[in-house]
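Peer 1: Since chain A is already given, all that's left is putting chain B on it; use the hints.
Chains as they are written, first to last, in our numbering: chain A, 185 to 389; chain B, 185 to 389.
It is possible that some hints are incorrect.
Remember, identical chains collapse to one label, so a pair may be satisfied in a single copy or spanning two.
Claimed, not checked - DSS-like cross-link-like pairs, simulated, lysine-lysine; straight-line CA separation at most 27 Å: (1) K201 / K323; (2) K238 / K207; (3) K309 / K207; (4) K240 / K317; (5) K190 / K238; (6) K317 / K219; (7) K243 / K190; (8) K240 / K208.
Please keep in mind that the hints were generated in silico from the structure rather than gathered at the bench.
Please read these numbers as outputs of a predicted model, since none were measured by experiment.
2 protein chains.
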Amino acid sequence: MEYPSKLIEDAVNEISKLPGIGKKTALRLALYLLKQEEPVTENLSSALLNLRQKTKYCKICHIISDSEDCTCESLRKDASLLCVVEDTPDVIAIQNTAQFYGYFHVLGGIISPIAGIGPNELNIKSLIERVKKSEGTIKEVLLALSPTMEGDTTSFYIAKKLQPFNLKITTIARGVPIGGELEYTDEITLGRSIARRLNYDITSD
Amino acid sequence: MEYPSKLIEDAVNEISKLPGIGKKTALRLALYLLKQEEPVTENLSSALLNLRQKTKYCKICHIISDSEDCTCESLRKDASLLCVVEDTPDVIAIQNTAQFYGYFHVLGGIISPIAGIGPNELNIKSLIERVKKSEGTIKEVLLALSPTMEGDTTSFYIAKKLQPFNLKITTIARGVPIGGELEYTDEITLGRSIARRLNYDITSD
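Isolated chain A (complex conformation) (with noise of 0.2 Å):
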């Protein structure tokens, strides 16, 4: 594609190295900011400088925050349940179904051979390390993985690992989703989710 400008070009290949975002869609978005006031770009382009800049690490959690130090104890109600995610919007989810009071640890990936991640890439040390130092606060681990190859490989080297702080090890339900067709499921899902039913409750929903 020819440009009018240089500098049009310049944004809309930066623009375009975002994911999902093509040439067409970067330059819309570029000649939409053009159509603004200036303090519209100013604040985009300062805030992603930030994000990217001054952005830290919880030391302890691994989660992404404003300073180094751990500000879960404001959050958090259960220091006895410990949830492992791969990732931060993965913490962001959880925390938006208000059901879940424990503690995060964030890996910071998935074990994925193709991909040359190990162990040793993701903070799994640092969990080991923060289970043995909470002498026996911690009485549970759920494991929040997606449920695929990687994530169930990832799940079994950390239960292995775990097995002897002699904690409860859990997981997340798999199953039909809630609002979901049982003739559209998949086989394997569907399968175990007959395979491992439950018990009809009558008294919850």
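Peer 2: Relative to chain A, chain B alone:
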């Protein structure tokens, strides 16, 4: 949505002001930038700022440009043909066809009473001036506006204004798109392309 840090919240808020980008996509983009090396974000950030702060509009054509002086001379060949378009993406689209060698005139919008845009908000006055000043060099004005109600209104208005100059006034051909299936073409387009049918020329494609 609750975010684990103020920095990411700010970034998500700013990114999601862009058209077609919601909070979820904004979060994905922000986390993507966090995982990249710092220069990726720095380059994006400065390209956006440069674009917004340094972009000029050519005084004659009103095309987005790196300087206010018209750089068209080096690009164009046919000074007798002037193409009137709504905005910059149209210039790029027409350039990419490699079928147009004349000059451009960007209106900066189209007449839209609903959006409160009248002829005075657009670069129509400067178009008339430009035609007048050319003293007969411009022989044809091609109105390449979108085939919508607003586009047609704007074309009509400009054509009226250009009447005294004894020019050839043309518009882009409307009809069934090349590669389009006849049965899925809307009735109005198909109806018009039958009413304005062309002689079949055996020598051209």
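Peer 1: Each hint needs a verdict: does it hold in this structure or not?
Peer 2: Quick rundown of the hints versus the structure:
In the homo-oligomer, the alpha carbons of K201 and K323 never lie at most 27 Å apart, since the shortest distance is 44 Å inside one protomer and 43 Å across protomers. In this assembly of identical chains, K238 and K207 lie within 27 Å of each other by CA distance solely across copies; the values are 21 Å between and 29 Å within a copy. For the identical chains of this complex, K309 and K207 are neighbours neither inside a copy (42 Å) nor across copies (33 Å), given an alpha-carbon limit of 27 Å. Taking identical chains as interchangeable, the C-alpha atoms of K240 and K317 lie at most 27 Å apart only when both belong to the same chain, with a minimum of 23 Å there against 61 Å between chains.
Taking the shortest Cα distances, K190 and K238 sit within 27 Å of each other only across copies (11 Å), while inside one copy they are farther apart (30 Å). Neither within a single protomer nor between protomers do K317 and K219 lie at most 27 Å apart by alpha-carbon distance, with minima of 56 Å and 29 Å respectively. Only between protomers do K243 and K190 lie at most 27 Å apart by alpha-carbon distance; the minimum there is 17 Å, versus 43 Å within a single protomer. In this homomeric assembly, K240 and K208 come within 27 Å of each other (Cα to Cα) only across copies, at 21 Å, whereas the closest approach inside a single copy is 34 Å.
Taken one by one, the earlier hints fail for this structure at numbers 1, 3 and 6, listed in ascending order.
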